[in-house]
Every structure is written in structure tokens, then in C-alpha cells.
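Asker: Sequence:
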Amino acid sequence: MGIGRNLSERKGRELREETNNNTNKSRKNRRQRLRKMSIGQRLFQTCNQVFASTSPGIVPSPQHIEMLLSVLDGISHEDVGLRPDMPCFNTNKRTPKITYLHIYECEQFSMGIFCLPPSGVIPLHNHPGMTVFSKLLFGTMHIKSYDWVTDLPPHMSTMVKPSETSQTSDMRLAKVKVDAEFDAPCDPSVLYPNDGGNMHWFTAVTACAVLDVLGPPYSDPDGRDCTYYQNFPFSNYSVDGISIPEEERKTYEWLQEKEKPENLKVVVKMYSGPKIVEN
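For the sequence shown, position 58 matches number 58 in full-length UniProt numbering, and the numbering has no gaps at all.
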């Protein structure tokens with residue numbers, strides 16, 4: 001009995017060691033394969049892993065978020081075949097035209113690059129139910145982003161009704177999350193479905209390019225349409241029950257839905273950088 005038990009325990013221990021060794025070898029081989037890939041292919045493979053089990057409004061795990069941010073952090077404009085002197089970064093028009101380079105899209109995520117000439121603007125818009133990763137590849141960009149105010153007591157309204165403002169739709173109170181200029185190279189950023197600056201706009205101070213990863217992507221049939229907003233200073237309107245100290249008022253604004261700006265010109269082109277292969 002004792003011999004049989006010892007033999008069984010030894011075999012069990014050997015089986016566990018063999019399983020652990022195989023797992024470690026698999027992880028090592030995966031890391032080696034990733035190192036041999038182009039940076040674009042590595043980003044694609046990482047997105048496949050990060051968004052494999054997510055759905056609208058479901059944020060990837062902290063480990064997966066760090067994994068994707070780490071890959072984005074290592075990407076430069078040269079890696080994706082961009083040069084600041086390319087025609088899409090130059091303009092003589094009053095309303096600069098923005099170019100979107102479509103890299104990849106599936107039900108789980110999308111990848112693309114926005115190319116903005118100087119003074120190019122991507123107006124204030126949202127990302128419903130999405131987790132969005134962005135990397136400024138080159139240039140200087142001003143970013144302003146907001147989160148909805150949701151932490152007021154229930155009896156305090158965060159809405160301004162049309163009858164109070166003679167506007168066509170309600171305005172909702174938002175808190176400014178970021179309002180600053182960023183120079184490449186800088187850390188990639190992430191915004192979440194309900195915080196982190198889900199609504200934002202970009203203004204190109206110089207010619208610049210932004211790599212975006214959205215999980216899941218926009219989808220009108222699934223209720224993930226892009227909504228645009230107009231912003232108004234907090235002091236423009238008052239709502240009973242809401243009192244914010246004078247020194248903090250600049251960090252709050254009213255946002256109102258609006259139609260897509262007529263002067264927003266976005267040209268969609270296919271990405272022509274290093275090839276990405278679907279496995």
C-alpha cells in the first residue's frame with residue numbers, strides 16, 4: 001500500500017512537472033514568435049488576445065490593458081510606414097482634411113491611424129461602450145476630454161432642459177478630464193466606457209498622427225453610433241441644487257448633442273504599411 005502510494009505520488013509529481021515545463025516552453029515560444037513579428041503584426045496579435053472575450057461595456061483585464069499599452073508604447077511612425085512629409089500631413093485649405101488609414105476591423109476591435117495636418121480637428125465625440133487605446137506617433141496635439149458627472153446626489157439634476165435654454169436638446173453636465181498639449185513621443189493612453197475621458201476632441205498643433213485601437217469598434221446596428229457634442233461653460237447656465245466653487249467651475253462644462261459637423265472632412269484610405277496577416 002505504501003509503495004503503491006509513493007509510486008502514485010511520484011508519477012503525479014512528474015506529470016505536474018512535465019505539464020509546467022510544457023507550459024513554460026509554450027510561453028517562451030510565444031514570446032519568441034512575438035519578437036520576430038513586425039510591430040504591426042504584434043499589435044494585431046495582442047489585440048486578438050486582449051479583446052477575445054470582451055463585449056460592449058466590458059473592459060479588458062488590467063493585465064491585458066498593460067499588455068496592449070506596452071505594445072503601443074513601442075510603436076513609432078516609421079514602424080507603420082509614415083513620414084511627416086507625406087501629402088496627407090500638408091494642407092493649404094481653410095478646413096484641413098483629415099485622413100484615416102484603415103488597418104483592420106472585426107467584431108471585437110478595430111485598428112486605424114488618424115493623420116492630421118496642422119490645425120486639423122477631430123471634433124468632440126464619444127465612444128459608447130468602448131475601451132479606446134491611443135498612441136500619438138509624432139507631432140504635437142491638444143487633447144480635451146470629458147466624463148459625464150454621475151456622482152451628484154439623486155435630487156440634483158445634471159441636465160438642462162430645452163425650455164431653460166431655448167436649445168433643441170438637453171444639455172448634460174460633464175467634468176473635464178484632460179485639457180493639455182501632448183508632444184510625441186509620449187505614453188499611450190486608454191479611455192474606458194464610463195471614465196478616463198470617453199468623450200474627447202483632438203486639435204493638431206503641428207502635423208501629427210494618432211494610432212487608435214477601439215474595442216469593440218463603432219457599429220450603428222449594435223447601437224454604437226458616434227455622437228458629436230457642443231460644449232458650453234458651466235457658468236452659462238444654472239440648475240437648482242448644483243453649486244460648484246468658483247475655482248472649480250472651469251473643470252465643468254455642459255455638453256449638448258449636435259449633428260456631425262458639415263466641415264468635418266475625413267478621407268478613408270487603406271493602410272499601406274507593413275503587411276498584417278490574419279492567422
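Think of the hints as simulated: they come from the structure by calculation, not from any bench.
Model, not experiment: these values are computed from the prediction.
The beta carbon of each residue, even a glycine, is placed where N, CA and C say it ideally should be.
You may find that some hints are simply not true.
Below, computed lysine-lysine pairings styled on DSS-like, alpha-carbon distance capped at 27 Å [claimed, not checked]:
hint: 1; residue 1: 97; residue 2: 144
hint: 2; residue 1: 258; residue 2: 144
hint: 3; residue 1: 260; residue 2: 175
hint: 4; residue 1: 93; residue 2: 175
hint: 5; residue 1: 93; residue 2: 250
hint: 6; residue 1: 175; residue 2: 250
hint: 7; residue 1: 144; residue 2: 275
hint: 8; residue 1: 97; residue 2: 250
hint: 9; residue 1: 93; residue 2: 265
hint: 10; residue 1: 177; residue 2: 93
hint: 11; residue 1: 260; residue 2: 250
hint: 12; residue 1: 93; residue 2: 275
Derived DEER-like restraints, expressed as beta-carbon distance ranges [claimed, not checked]:
hint: 13; residue 1: 195; residue 2: 87; range: 15 to 23 Å
hint: 14; residue 1: 195; residue 2: 278; range: 18 to 26 Å
hint: 15; residue 1: 67; residue 2: 181; range: 47 to 55 Å
Asker: Next step is simple, just say for each hint if it's right about the structure.
Answerer: The hints, checked one at a time:
{"no.": "1", "hint": "97 x 144", "verdict": "20 Å, holds"}
{"no.": "2", "hint": "258 x 144", "verdict": "18 Å, holds"}
{"no.": "3", "hint": "260 x 175", "verdict": "22 Å, holds"}
{"no.": "4", "hint": "93 x 175", "verdict": "33 Å, violated"}
{"no.": "5", "hint": "93 x 250", "verdict": "33 Å, violated"}
{"no.": "6", "hint": "175 x 250", "verdict": "9 Å, holds"}
{"no.": "7", "hint": "144 x 275", "verdict": "33 Å, violated"}
{"no.": "8", "hint": "97 x 250", "verdict": "31 Å, violated"}
{"no.": "9", "hint": "93 x 265", "verdict": "11 Å, holds"}
{"no.": "10", "hint": "177 x 93", "verdict": "31 Å, violated"}
{"no.": "11", "hint": "260 x 250", "verdict": "26 Å, holds"}
{"no.": "12", "hint": "93 x 275", "verdict": "32 Å, violated"}
{"no.": "13", "hint": "195 x 87: 15 to 23 Å", "verdict": "38 Å, violated"}
{"no.": "14", "hint": "195 x 278: 18 to 26 Å", "verdict": "32 Å, violated"}
{"no.": "15", "hint": "67 x 181: 47 to 55 Å", "verdict": "28 Å, violated"}
In this structure, the earlier hints numbered 4, 5, 7, 8, 10, 12, 13, 14 and 15 are contradicted, and the remaining ones agree with it.
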